[in-house]
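Protein chains in written order, with our numbering: chain A, 10 to 204; chain B, 10 to 204; chain C, 10 to 204; chain D, 10 to 204.
If you're looking for bench data, these hints aren't it; they were derived computationally from the structure.
Wrong hints could be hidden among the right ones.
As the list claims (entries may be wrong) - Label pairs and their in silico Cβ distance ranges:
| id | chain 1 | residue 1 | chain 2 | residue 2 | range |
| --- | --- | --- | --- | --- | --- |
| 1 | B | Ile130 | A | Leu185 | 14 to 24 Å |
| 2 | A | Leu185 | D | Thr13 | 38 to 48 Å |
| 3 | A | Leu175 | B | Ala157 | 43 to 53 Å |
| 4 | A | Glu41 | C | Leu53 | 34 to 44 Å |
| 5 | A | Leu175 | D | Phe52 | 23 to 33 Å |
| 6 | D | Ile130 | A | Gln46 | 48 to 58 Å |
We put the beta carbon where it would ideally sit given N, CA and C, even for glycine.
There are 4 protein chains.
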Amino acid sequence: MQKTRLEAFSDGVIAIIITIMVLEIKVPHGSEFADLQGLIPVFLSYMLSFIYLGIYWNNHHHILHTITRVNGQILWANLHLLFWLSLVPFATGWIGQNNLSASPMAFYGVILLLAAIAYFILQGVIIKNEGKQSILAKAVGMDWKGKASIILYVIGIVSCLYNTFLAGSLYILVALLWLIPDKRIEKVYKEMTDL
Amino acid sequence: MQKTRLEAFSDGVIAIIITIMVLEIKVPHGSEFADLQGLIPVFLSYMLSFIYLGIYWNNHHHILHTITRVNGQILWANLHLLFWLSLVPFATGWIGQNNLSASPMAFYGVILLLAAIAYFILQGVIIKNEGKQSILAKAVGMDWKGKASIILYVIGIVSCLYNTFLAGSLYILVALLWLIPDKRIEKVYKEMTDL
Amino acid sequence: MQKTRLEAFSDGVIAIIITIMVLEIKVPHGSEFADLQGLIPVFLSYMLSFIYLGIYWNNHHHILHTITRVNGQILWANLHLLFWLSLVPFATGWIGQNNLSASPMAFYGVILLLAAIAYFILQGVIIKNEGKQSILAKAVGMDWKGKASIILYVIGIVSCLYNTFLAGSLYILVALLWLIPDKRIEKVYKEMTDL
Amino acid sequence: MQKTRLEAFSDGVIAIIITIMVLEIKVPHGSEFADLQGLIPVFLSYMLSFIYLGIYWNNHHHILHTITRVNGQILWANLHLLFWLSLVPFATGWIGQNNLSASPMAFYGVILLLAAIAYFILQGVIIKNEGKQSILAKAVGMDWKGKASIILYVIGIVSCLYNTFLAGSLYILVALLWLIPDKRIEKVYKEMTDL
Numbered sequence: 010m011q012k013t014r015l016e017a018f019s020d021g022v023i024a025i026i027i028t029i030m031v032l033e034i035k036v037p038h039g040s041e042f043a044d045l046q047g048l049i050p051v052f053l054s055y056m057l058s059f060i061y062l063g064i065y066w067n068n069h070h071h072i073l074h075t076i077t078r079v080n081g082q083i084l085w086a087n088l089h090l091l092f093w094l095s096l097v098p099f100a101t102g103w104i105g106q107n108n109l110s111a112s113p114m115a116f117y118g119v120i121l122l123l124a125a126i127a128y129f130i131l132q133g134v135i136i137k138n139e140g141k142q143s144i145l146a147k148a149v150g151m152d153w154k155g156k157a158s159i160i161l162y163v164i165g166i167v168s169c170l171y172n173t174f175l176a177g178s179l180y181i182l183v184a185l186l187w188l189i190p191d192k193r194i195e196k197v198y199k200e201m202t203d204l
Numbered sequence: 010m011q012k013t014r015l016e017a018f019s020d021g022v023i024a025i026i027i028t029i030m031v032l033e034i035k036v037p038h039g040s041e042f043a044d045l046q047g048l049i050p051v052f053l054s055y056m057l058s059f060i061y062l063g064i065y066w067n068n069h070h071h072i073l074h075t076i077t078r079v080n081g082q083i084l085w086a087n088l089h090l091l092f093w094l095s096l097v098p099f100a101t102g103w104i105g106q107n108n109l110s111a112s113p114m115a116f117y118g119v120i121l122l123l124a125a126i127a128y129f130i131l132q133g134v135i136i137k138n139e140g141k142q143s144i145l146a147k148a149v150g151m152d153w154k155g156k157a158s159i160i161l162y163v164i165g166i167v168s169c170l171y172n173t174f175l176a177g178s179l180y181i182l183v184a185l186l187w188l189i190p191d192k193r194i195e196k197v198y199k200e201m202t203d204l
Numbered sequence: 010m011q012k013t014r015l016e017a018f019s020d021g022v023i024a025i026i027i028t029i030m031v032l033e034i035k036v037p038h039g040s041e042f043a044d045l046q047g048l049i050p051v052f053l054s055y056m057l058s059f060i061y062l063g064i065y066w067n068n069h070h071h072i073l074h075t076i077t078r079v080n081g082q083i084l085w086a087n088l089h090l091l092f093w094l095s096l097v098p099f100a101t102g103w104i105g106q107n108n109l110s111a112s113p114m115a116f117y118g119v120i121l122l123l124a125a126i127a128y129f130i131l132q133g134v135i136i137k138n139e140g141k142q143s144i145l146a147k148a149v150g151m152d153w154k155g156k157a158s159i160i161l162y163v164i165g166i167v168s169c170l171y172n173t174f175l176a177g178s179l180y181i182l183v184a185l186l187w188l189i190p191d192k193r194i195e196k197v198y199k200e201m202t203d204l
Numbered sequence: 010m011q012k013t014r015l016e017a018f019s020d021g022v023i024a025i026i027i028t029i030m031v032l033e034i035k036v037p038h039g040s041e042f043a044d045l046q047g048l049i050p051v052f053l054s055y056m057l058s059f060i061y062l063g064i065y066w067n068n069h070h071h072i073l074h075t076i077t078r079v080n081g082q083i084l085w086a087n088l089h090l091l092f093w094l095s096l097v098p099f100a101t102g103w104i105g106q107n108n109l110s111a112s113p114m115a116f117y118g119v120i121l122l123l124a125a126i127a128y129f130i131l132q133g134v135i136i137k138n139e140g141k142q143s144i145l146a147k148a149v150g151m152d153w154k155g156k157a158s159i160i161l162y163v164i165g166i167v168s169c170l171y172n173t174f175l176a177g178s179l180y181i182l183v184a185l186l187w188l189i190p191d192k193r194i195e196k197v198y199k200e201m202t203d204l
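Work out the full structure: start from the sequences and follow the hints.
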């Protein structure tokens, strides 16, 4: 039951983050379509962040699903992940208000990087608790996606010094990487259930 | 169980959208009833959006209820719908701050149209997954309401060029169309259960 | 199950209303305790609204609990109640920003009155659906509290023309009236279960 | 079931509080990293408040878990706790906007103190209802942590007159005190189940 409550709380926090982010899109004072033009970068960054949070919600669901018992370590590793995710609306708002300029783009990458690391830690803590033979341990395996994301974020952050367009493309690339459904956990789960 | 979590997450997001929308009604500085007068368009648009989100919550409940298994496609079609719904408070705020003028009214229609299309896609994805003989497939049938809404939204958006009052009336008409309880799904469900 | 979802959605909306209300308490620019002084009316109105929403949550829980089946009428009567409750943060913010002056105090009363009427309607719709012999019908009985509240709100609203202090006292009185735990439903429920 | 709803409502409110707090971190107008510098105190206070709310959520979970029946007293003692917690974002925002100056630091301590007292009362009400032989009564025992926190908060508040750095350190110390997992309840629970 404790697991259910952990899931419900995490879902609640992610649902709120994904929704209050829209409050960063400030209603323009003018009443013409031209007044919306200045909001295009805000809108694009909102869209990317929405997709990112959707991916986190989805994957988070998969790894929590494999837990058999919750302890303090898992609880705090989970809150640590939610902490960085909760800063996504702020980072998104800063990008949007500054026309995708360099520092906000780098900062956005840093928040995504820290969230990715927090996810990595959470995954590690769960595997440590559930054992090397657990569903999650087998499913994650080499976890090339997790590692690739971290490398791509770092390249993206550094590239902000030279080309924010490249940085943006890299952040989108990571999202696409994860949008491809992660069948690893489901597959291993099925195999273990079949035995 | 995955379905329950999908429902809970969607309900959470819709509950937050419907509630944070009230934050777009800015508290006036003056302390007289006359100071509220300027808020009448905000209030009216808030009321309409509240009803729209209530309708989406209700219908969304009905179609998710018929799902027997959740997959990545349904999950993302659902997030796609939530994305457009999450922009309703912004569109509502823009209308309200500009005294129901043309561009904001058209923009509001565009967001409603995109949400309607997203709902249409979600419905299609579910039917594709559940099969032509599923409860939802039979219940939806011709789906004249869904199609009529899309046509009415398009007419409403175009009519903003000439008459925002007409546009507003069309948006209200679509809401009324859906407020009439949709007994189709319940009816077909009952018939299939009786067999 | 549909009832569970109705409860969860309503709880979600009330939880969000009760919490976003705090966003109306704007952080002062100064850094002295004296800068908080101007916030005392905001704080007091926040406290009263918090108690009101707590009462609604509690009583709402009791009446939904007695429902055996949900239909469109109940659903919309419930959304109607949530609509007026969602305006409580706005009304609270207006009172707070204007030092408890007359019009905002009257407006606050109007919102409370409309919420009370919506609650009354919801109760009626449920009783109509569940029958005169239902738990709720017996428990509510004469419903003197509901009726007294409506009368006290009306007196409070009118009294704003003469004395906002009296109005405030009447609103507090209604809250106290409901804070006294409502044992009616639980008692009748027990009696009917004992038979 | 009533207990489940109390848990869900409390979780919802805490999830919203922890998340809307991020709205107090206002997006800076400039687009350089230097523009974030002014936000460092906001960010630090946000981090501490996030940890505090995480601790409350965790411990709150433990004490509610031991309840066997909910009554009006527990319900209101719980809402009383949520009330003070709901003011944490405001207090956090005030600290952050004023560079950790004395009055906001003291005010933050006062809110934490009142939340701690509310928690203490909630605990007492539950023990009174469940009896001296209940799991919670045995687990809490002397409750040195609860008492130590209250004393440390008072010292912290007073020390703001002289040294806000000391006050901050004391608030962090209390958080660390609680971060150490509270194995008391789980332990006593296990012992009682083993009999």
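Self-check item: Ascending list of hint numbers which this structure does not respect
Solution: none
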